[in-house]
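Please build the complete structure, drawing on both the sequences and the hints.
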Amino acid sequence: MLNIGVLNRGIVIDHIKVGGAMKIYTYLNLENMDCSVAIIKNARSNKMGKKDIIKIEGMLDGINLDMLGVLDHKITINIIDNGVIIEKKNPQLPEYVENILKCKNPRCITSIEQGLPHRFKLIDKENGMYRCVYCEMSSKGEKL
Amino acid sequence: MRHIISPTDLTVSELGELLELAEEIIEDPTKYSDVCRGKKLATLFYEPSTRTRLSFEAAMLNLGGSVLGFSSADSSSAAKGESVADTIRVVSCYADICAMRHPKEGAPYVASIYSEIPVINAGDGGHNHPTQTFTDLLTIKNLKGRLNNLTVGFCGDLKFGRTVHSLINALSRYDNINIILISPEELTIPSYLRTGVLEANNIPYEEVRKLEPVIDKLDVLYMTRVQKERFFNEEDYIRLKDTYILDTKKMALAREDMLVLHPLPRVNEISVEVDEDPRAVYFKQAQYGVYVRMALIMKLLEIK
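Chains A and B are the protein sequences, given in the same order. Note that the working numbering numbers the first sequence so that position 21 is 21, with each residue one more than the last. With positions in the second sequence counted from 1, the corresponding number in the working numbering is that position plus 1000.
One thing to keep in mind: the hints can contain errors.
Chain A side only, calculated, beta carbon under 7 Å to chain B, not exhaustive [said to hold, decoys possible]:
(1) Asn42
(2) Arg107
(3) Cys108
(4) Ile109
(5) Glu113
(6) Tyr134
(7) Cys135
(8) Glu136
(9) Ser138
Mimicking BS3-like on lysine-lysine, the simulated pairs with C-alpha atoms at most 25 Å apart in a straight line are [said to hold, decoys possible]:
(10) A:Lys89 x A:Lys23
(11) B:Lys1228 x A:Lys104
(12) A:Lys102 x B:Lys1159
Read the hints as simulated data drawn from the structure, not as lab findings. Yeah, the Cβ is synthetic: ideal placement off N, Cα and C, and Gly gets one too.
So this is what it looks like as structure tokens:
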């Protein structure tokens, strides 16, 4: 596998579905952060065949990493300090999410009502399925 | 304060009470002719629907209350770009209860979040239409004497037909319900109903393309119109609109006590010759609609 320098303190987001890294990069607003970020695309994976990985130097304060599970519920988040993994977690899907998913139903009220939050309720933990609270149309976060 | 956005906003027992009250009103409507004196119903109709709007207005007038409102988005502040949230905040200052129809799905739910008065969903896009469902349930209960142990067939546009979605949702809470879904491939029920309602509640159902082979199994046949306004593409509408036409030939195959329901307006999916058949109860159903709306208004206004 391609080697990117060892992280002394930071976060590794692993097992991202191929092609999903940029979505997470955008969601975390990493382009506006003053830290080193490595995006590894199409890395070999025993579990997934291929995967994306993001390595971030330093900690992300005030960001709910569980929300990343909405974008891709199979990811693993490794928190690294002093060169060792101090915490490894799979994000728990929140029961409700706001303004992370966007309702794709053209008949949904969110398509015209200004300022209305796009709010979704978790309906299937296993498959990461959410449902728009307004029109009840289902969405799978990672497909958005 | 309660709102009615989905047919399942009332528990089975609350729904039982509502239908009981509606049946009491049927017995003696004059007893209720003044119970809403001084109360106002706002009918906020962002898309045309003469039937539902008049039914709501008739219900409130029958109770001795009064009505105000608009009957299309063009004649409302929506034409100036006002949001549903702002409109309902203002209407809350003018009326005691409101019925909202909106072409966008979820609009009445949005209204309920910001409203100071009870909001009744009078139909939102292809989504829910709870008072039509209460009407359908009252019709079935009053004429069949039960809401359990029924095989109910839904025929026509099951994809965009919100009355169908709402009634399937409501029936799924009663015992021993079998559902037969009769539609062209393009107009089958949405997947959230199949998995989230039918399969989640273990309701036996089958999906078929033709009415004739299954009509003799049915206690209730719920016919629907293929609605032009739900299609983006006129070609699809023209291709699908005449797929099922109920006529006396098909009725001859059905049980003697089967009921034919239709939310109306009917176009040509039920031929007029069927109207004379005593099993055709769709016009009675419209009358039941007024009674059940009277009961609902009373319940939400907490009038005993």
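How the hints compare with the structure:
For asparagine 42 of chain A, the interface hint is violated, the least distance from its beta-carbon to any beta-carbon of chain B being 32 Å, above 7 Å. Below 7 Å, beta-carbon pairs count as interface contacts, and arginine 107 of chain A has one with chain B at about 4 Å; its hint therefore holds. Annotation: cysteine 108 of chain A was flagged as interfacial toward chain B, and the flag holds, the nearest CB pair being 5 Å apart, inside 7 Å. Because the smallest distance between the Cβ of isoleucine 109 of chain A and any Cβ of chain B comes to about 4 Å, under 7 Å, the interface hint for this residue holds.
Look at glutamate 113 of chain A: its Cβ gets to within about 5 Å of chain B, closer than 7 Å, so that hint holds up. Taking 7 Å as the C-beta cut-off, the interface hint given for tyrosine 134 of chain A holds, the closest approach to chain B being about 3 Å. Interface hint at cysteine 135 of chain A: satisfied, since its Cβ lies 4 Å from the closest Cβ of chain B, which is below the 7 Å cut-off. For glutamate 136 of chain A, the interface hint holds, since its Cβ comes within 7 Å of a Cβ in chain B; the closest pair sits about 6 Å apart.
A cut of 7 Å between beta carbons decides the hint on serine 138 of chain A: the least distance to chain B is about 6 Å, and the hint holds. Pair hint lysine 89 of chain A plus lysine 23 of chain A holds up; C-alpha atoms about 20 Å apart against a cutoff of 25 Å. Between the alpha carbons of lysine 1228 of chain B and lysine 104 of chain A the distance comes to roughly 22 Å, so the proposed pair stays at or under 25 Å and holds. Our distance criterion of 25 Å between C-alpha atoms is met by lysine 102 of chain A and lysine 1159 of chain B, whose separation comes to about 22 Å.
Checked against the numbered hints given earlier, the structure breaks only hint 1 and satisfies all the rest.
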